[in-house]
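**Student:** Chains as they are written, first to last, in this note's numbering: chain A, 1 to 273; chain B, 1 to 285.
For the record, the hints were derived by calculation from the structure and aren't laboratory data. Since this is a predicted model, take the numbers as computed values, not measurements. Among the hints, a few may not be true.
Stated by the list, open to error - Keeping only pairs whose Cα atoms sit at most 20 angstroms apart, straight-line, the calculated SDA-like set for lysine to any residue is:
hint, chain 1, residue 1, chain 2, residue 2
1, B, Lys68, B, Lys121
2, B, Lys148, A, Arg225
3, B, Lys121, A, Arg87
This is what each chain is made of:
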Amino acid sequence: MDLITEPLSFAFMQRALYAGLAVSVVCAVIGVFVVQRGLAFIGDGLAHACFGGIAIGLYLGTDVENAVWMAIPFTVLIALGIGFVLRSSHLRGDVATGVFFSFSFALGILFLGLRSAAARPVNVESLLFGSILAVSPEVLNVVLIVSATALVVTLLLWSRLAYAIFDPELAAVSGVPVAALEYLLLGQTAVVIVVAVKTVGIVLVSSFIVIPAAAGRILGTTLARATMLAVAIGAAGAAFGLVASYHLDVPTGATIILTHCACFAVALALSRR
Amino acid sequence: MSDVPVGGGEPQAPTPAWATSLERREHAQKLKQTRPDPGAPRVLDVDHVSIERGGKLIVDDVSFFIPKGEFVCLCGPNGAGKSTLLKAVMGLLEPTRGKVRIGGEPPERARHKVGYVPQRKSYSMDFPARSVELITAAVRGRWPAHVKPEERERARAVLAKVGGEKLLDKPLAGLSGGETQRVFLARALVTEPALVILDEPTAGVDVSGRAELLRLMVEISRSDELAAILVTHNLGAVAHTAERIVYLEAGRLLGWGLPDELLGQSSLTALAFAGTDHARHRDEE
Ligand SMILES: Nc1ncnc2c1ncn2[C@@H]1O[C@H](COP(=O)(O)OP(=O)(O)OP(=O)(O)O)[C@@H](O)[C@H]1O
Ligand SMILES: [Mg+2]
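The following block holds chain A by itself, in its conformation from the complex (with noise of 0.2 angstroms):
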């Protein structure tokens, strides 16, 4: 028992522990519309997103604790963006990601080139891999409030999210606002990545959103089943993860995307039985 309670005796793993949980959690709920969308590659696009809206915040003058913040506006532009040109053409998920990816990247180094030579050096990595040993009781609030609403919304809304989803035009039929929908569902995505980057790190963030969405997509048969997979999935993994990687002394992100990675590999078994 030692093994958990050890670990979990510090302040700075029970913040961790609560900030896991609530980004997986919630990314693994919206995780799975996503991925049913044809959106997986969403967390990666709105990641680097949030790249672009960190450089202008920095190039504004603001640190980088704080430039994450200003991020938030930019990043669920650049969401709306890509549900624009979803609807509005014929492009796929995929394609409509790329261009706002790399739009919004390049938008970052230009940024980050624009700054003057005396302003603080940036520590890309801290951004890169997330820090979320280093979450603080702040960046804790932010990250509940935001999981905890963008949950109970996307809960609120989930048998017409999924509806919408499954058949667009069958949902219009049943009267359920498709377009609405889908700009809140890629809104609300944007706001918990940045949430999430805050937390994790650009480079890992999209596993919490694809991996165990799509495990529990392997092994549910209903959409709803998904999802419950899904959720168990991500949580158990974030946990387990970060125990993990106090007693192996490994970084703690890239430990729970292995442990997440280790039960798609599982699923993936099971289903093939």
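For chain A, the structure is supplied; the task is to place chain B with the ligands on it using the hints.
**Tutor:** This is chain B with the ligands only, laid out in the frame that chain A set:
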């Protein structure tokens, strides 16, 4: 209501050149086309509907109505505007001019009165869904996270009606073309609508399955006093089963009458089978 009078005994007109709406009206007046009784209770009323999309006039001043329980075949070549007109009937798009009434109400307020079998399956094939959920979603207007026993029973009963009882718990992705159509037909019928819209429901179904499905639809329409609009290219097979034919071409209503009258008109039959898939479909029969 149409601006074209009911009936008429004038001799048949030659194949027309559709230049002006006046010419069209004159032509229609010369055709023997028996319209339904204008006083009958109407399930669907399409009243001078025009639809523009992307700056193009796709449906051009179309008027017709469907009385209670009538089985109507909507036909016309590819691109005639059939699907677009039906989208307006379902309230998926607003007509540029004119109005649609379902049981006297605008489509947005009559969703439960219309069942719809789409032309193209636009649903995502990899969505984890079973027939029972698809059918329950039509009842609730939302996707079910959990299907209640009474909802399940309702889905089972309506599937049994279309001869697909054993499909209840099958994943949609694993259904054959004909089975999919049965499930979607059941989905359209489950809300006990007054009007069913079938947009080429037999696409992807083999010849015997097609005849069987058509027979089923006509039977259900008759026994339940259900009005139906069936869109099909396969005029030969359906025309004589339908009570009336509405013929659309280039967005215009060129014919509205009994199957025998319309199929007897060389101009329309020629139009119907010329330069489209019709000949091929007919030959396949
Ligand atoms: N959103 C749109 N914008 C512009 N043009 C459109 C739009 N939707 C449909 N059209 C055009 O309207 C015309 C009628 O299309 P519609 O799908 O209604 O034909 P249809 O009679 O159902 O044909 P089919 O027999 O092939 O199903 C076509 O030429 C199509 O290209
Ligand atoms: Mg069509």
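**Student:** Checked against the structure, which of the hints given earlier come out wrong?
**Tutor:** Failing hint: just 1.
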